[in-house]
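**Student:** Okay, here's what each chain looks like letter by letter:
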Amino acid sequence: MNGTRTILDPTGERTVAERQRVARPASLDGLTVGLLDISKPRGDVFLNRLEERLVGIGADVRRYRKPTFTKPAPVDLRHRISVECQVVIEALAD
Amino acid sequence: MPTASVRPPLPDGVVVIVKDECATCHAVVPVLEQLAASSALTVFTQDDPSFPETLSPLHDADLSVSWHHDVETVPTVIRVEHGAEVARTIGWHRAEWEHVTGVEGLGPELAPMRPGCGSMSVDPDLATELAVRFGSSVLASRRIDVADAEDDIEMMFTRGWTDGLPVVPPTETRVMQMLTGTSRAPSDVVATVPPDLVDVTVEKVAIAAVMAGCRPEYLPWVLTAVEAACTDEFNIHGLLATTMPVGPVIVCSGPGTRAIGMNSGGNALGQGNRANSTIGRALQLVIRNVGGGRPGEVDRSTHGSPGKIGFCFAENDAESPYGTLATEHGVEPGVDALTLFAGEGTRCVVDQLSREPESLARSVAAALQSMHHPKLIMVFDAILVMGPEHARVFADAGWGREEIIAGISAHLNRPGSELVRGADGMAEGVPEAFADAPSLPKFRPGGLMLTFAGNGTGLFSEMIGGWANGDVGSTPVTRAVSY
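As you go down the protein sequences, you meet chains A and B in turn. The numbers in the working numbering rise by one with no breaks, and the one at position 74 of the first sequence is 74. The numbers in the working numbering rise by one with no breaks, and the one at position 117 of the second sequence is 1117.
FYI, nobody ran anything at the bench for these hints, they're computed from the structure. Treat the hints with care, since some could be wrong.
Ranges between beta-carbon positions, derived for each pair [claimed, not checked]: (1) A:Ala-17 / B:His-1372: 55 to 61 Å; (2) A:Pro-72 / B:Ala-1259: 20 to 26 Å; (3) A:Val-16 / B:Gly-1458: 48 to 54 Å; (4) A:Asp-29 / B:Arg-1159: 48 to 54 Å; (5) B:Ser-1354 / A:Arg-42: 19 to 25 Å; (6) B:His-1372 / A:Leu-77: 25 to 31 Å; (7) A:Val-45 / B:Pro-1306: 18 to 24 Å; (8) B:Ser-1183 / A:Glu-84: 37 to 43 Å; (9) B:Phe-1157 / A:Thr-15: 31 to 37 Å; (10) B:Asp-1012 / A:Ala-17: 30 to 36 Å; (11) A:Ala-17 / B:Val-1086: 57 to 63 Å; (12) A:Arg-42 / B:Gln-1352: 42 to 48 Å; (13) B:Gly-1261 / A:Arg-42: 21 to 27 Å; (14) A:Val-45 / B:Ser-1183: 52 to 58 Å.
Here the structure is a predicted model, which means the values were calculated and not measured. Heads up, the beta-carbon is just placed ideally off N, CA and C, and yes, glycines get one too.
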């Protein structure tokens, strides 16, 4: 049968955009740090402690929360964090 | 993308296309000999290169002449002048032949007319392959040449395109055949597939369906399943990423399930039926290969489950005493439909002694209470696949769908004091805030869903536990199948 040696690509054939990581800040002093709670149980325990430590070293902390841990953060939330913070920490699991 | 091959020109004069297998072609051989004596005649033969022996035929071995010149019947007679077709007739019809050839008194010994036979170029077993070979492709996917020394199956394992089982190589011919199962254009976008959020076309779904082992008539079910999976309500992204052992469970119903040979009877949830085994697998291959969802990457399941290869079955709606899950979700009876449910594997509910509905409802409730954890409530849905012998106990007592669910649910309420964290010596349970609640149900309203499948021997039902439900996780999605 003709064509058995040529097959069609089953993948999405997407072109991946490569982005460089932002350089790590030398100090958090004066920076705004976003703490993103993904709504997993006890994620707030971890983030509350982090907030205490971060405020203690002079960072400005803002808290955010995803509606549910099972879905990606809504676009609007991601945008807000990106314009309001220089650094973000995400609490991933319980 | 391959372009159409060049159409071979026909020589001037009379051109006749025949095949040895056709009795009418044999009958007209004396007529062809008559024509050869009086005009420029070229005979193309499709099968036996020596037929007809007396006329020095040209062999249309690859059917290129027949395909390019739209020959559907043999014999076909074409008059060509200055390289262009000016007249054509098919079969044997004396007056038509005389008109096309310009020769009078043809085949005096033959009856005035006799129908021809099908051209090999329109043989259903060859038509798609010829269209791929000679036509301009309508498919956009990248072509991948398999090296001579490579094995097709092994090559697809190596590239990470399989679920651990071999897949059928998606050649263009196979994908074109698969696409005959739908009226939708190959370029139509079906959905945006997580986790990579890639727009998937009908063509890419057809490729996955070929790989999974589907027949073309299954394709509308696969397309509908992909659409349903990639909705915000169903949340296939979360289902893929979760540590729980869950995947999309596809419950099909409607006359179309019988038309494509799905199994709703014995072993409906098991192996042995091609449609049941491949429709769910095709959906999962779309998630894997188009969406990029693979175990160990975005798929973080702690244990997984066999159903993550594919989990699809049909309801026996023709014999169900209480309709179908799709009708429960608002689809008209008799409409082909499927419901996607975020579910784990199956667990058997055994009760071989209950002959009264109240007793059986208590048994089923006791089993359901243990789902995921006896002290966890409301956050997981479940599907109950009731077998005919259990269903009969309820049907004989006049219980319909609502009565059965209400009857089972009546035994699924427990006080908060028994469910609260720490109760019964178990740390797991509901938060302290519910400790004083007098009665808490196992399932949220609509969270216990009833289906009907299995054969007539065995006082069993199967329960399929769900995943985080509602806005937090996944809502079952029911869709009519779009052809």
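**Student:** Can you name, in rising order, the numbers of the hints this structure does not satisfy?
**Tutor:** 1, 2, 5, 7, 8, 9, 10, 13
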